[in-house]
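Construct the entire structure; sequences and hints are all you get.
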Amino acid sequence: MVNEEQQDPPRPTGRPVDASTGKPRAMPFRILALSGGGFLGLYTAALLAALEKRSGEPIGRRFDLIAGTSVGAILASAVALEVPLREIVELFQQHGAKVFSPRAMPSGALGRLLDLTRSVLGPKYSGQVLREALTARLGKRTLAEVRHPVLLPAVNVSRSQTKVFKSPHGAASKGDEATLIVDAAMASCAAPAYFPAVRIGDQLYADGGLFAVAPDQVALHEAEHFMAIDEASVRMLSIGTATAGYQPSQAPVEGAGAVGWLSDGRLIMTMVSVQQQHVQAMMEDRLGDRYLRLDARWPAQAGLGIDVATPEASKRLVAMAEQTLRDTDLALLRGFV
Numbered sequence: 064m065v066n067e068e069q070q071d072p073p074r075p076t077g078r079p080v081d082a083s084t085g086k087p088r089a090m091p092f093r094i095l096a097l098s099g100g101g102f103l104g105l106y107t108a109a110l111l112a113a114l115e116k117r118s119g120e121p122i123g124r125r126f127d128l129i130a131g132t133s134v135g136a137i138l139a140s141a142v143a144l145e146v147p148l149r150e151i152v153e154l155f156q157q158h159g160a161k162v163f164s165p166r167a168m169p170s171g172a173l174g175r176l177l178d179l180t181r182s183v184l185g186p187k188y189s190g191q192v193l194r195e196a197l198t199a200r201l202g203k204r205t206l207a208e209v210r211h212p213v214l215l216p217a218v219n220v221s222r223s224q225t226k227v228f229k230s231p232h233g234a235a236s237k238g239d240e241a242t243l244i245v246d247a248a249m250a251s252c253a254a255p256a257y258f259p260a261v262r263i264g265d266q267l268y269a270d271g272g273l274f275a276v277a278p279d280q281v282a283l284h285e286a287e288h289f290m291a292i293d294e295a296s297v298r299m300l301s302i303g304t305a306t307a308g309y310q311p312s313q314a315p316v317e318g319a320g321a322v323g324w325l326s327d328g329r330l331i332m333t334m335v336s337v338q339q340q341h342v343q344a345m346m347e348d349r350l351g352d353r354y355l356r357l358d359a360r361w362p363a364q365a366g367l368g369i370d371v372a373t374p375e376a377s378k379r380l381v382a383m384a385e386q387t388l389r390d391t392d393l394a395l396l397r398g399f400v
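Those letters in the sequence shown? Residues 64 to 400, by my numbering.
Some hints here could point you the wrong way.
Unchecked claim - Derived pair list, reagent style DSSO-like, types lysine-lysine, alpha-carbon separation capped at 30 Å:
1) K116 / K203
2) K161 / K203
3) K187 / K203
4) K378 / K161
If you are wondering where the hints come from, they were derived from the structure by calculation, not from laboratory data. Bear in mind that the values here come from a model prediction, so they are computed numbers and not experimental data.
Dropping the structure here:
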């Protein structure tokens, strides 16, 4: 886990309300946005755990809205429930190889082809171990029981529609109160071909990363349109999954077919990386210096992937989180956390 001894002083929580309008006063409205990326989310979890240790209190108390997609939905749920982030780091480290597999990134044409066949006739992983591990830590609480406003993007595959699961915090966030937060998080991270779709009621849901790997814009829209927050008061901390500058292990070839695109998770990794790049550019244009993005560069010869949960991958992701913290201006960071 990231080791950072310094602690920031506690900051008052709660949103003062203007008595004349009933709306929150103009003051920094802090949003935490957590991107998707499978097991790469250990990077995000380790970074959050370090920031939580610095703050000296559950990090959810430092934010007015928390958004997370895919693995980011798991982390956002923990933050919103004030589950200690060090426990989520331990969840990755203890259960990652069971949720996914202990296999390293396949090498050679035959190894890549065999790995690809694991998801041809059904999901590569059952999701059962993940559900059990999440239930053990998040419990059977509903979205109405979170301590801080949260939103978790998913896709309703029964209707081919986007879906944002929300706690009951705004004018248009009714209807999800009885949804178990574990169900919503599992739906948000049900990546097609990797995990089965999740049934909630009579609908099936899949990974929100299909449209919002980085939920930053979804969160800003929520704050403006459903929580009556002036954009000028928004400050957003966005954390990625160590995919900045992603490069596939094999150089792309012209005319690549399904095997070329799907082996090594190249297609989904490309989607994860470019969506995060695009959203970052849009948010920097909109919020300027009120937007801070923390992420790590994709390392050469990475040995990393969305379902690579080896001890070596775990150590590398935690080390990358440590490096990100060392490289970040802590005085600047205090304006966001």
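Is the hinted pair K378 and K161 satisfied, with a Cα-Cα distance of at most 30 Å? Holds - the C-alpha atoms of K161 and K378 are around 17 Å apart, at most 30 Å.
Distance restraint between K116 and K203, which requires alpha-carbon spacing of 30 Å or less: Holds. K116 to K203 sits at ~26 Å (cutoff 30 Å).
Do the alpha carbons of K187 and K203 lie within 30 Å of each other, as the hint requires? Status holds; Cα separation ~26 Å.
Under the criterion that the straight-line Cα-Cα distance not exceed 30 Å, is the pair K161, K203 satisfied? Measuring from Cα to Cα gives roughly 22 Å; hence the hint holds.
Violated hints are absent here; each numbered hint is respected by the structure.
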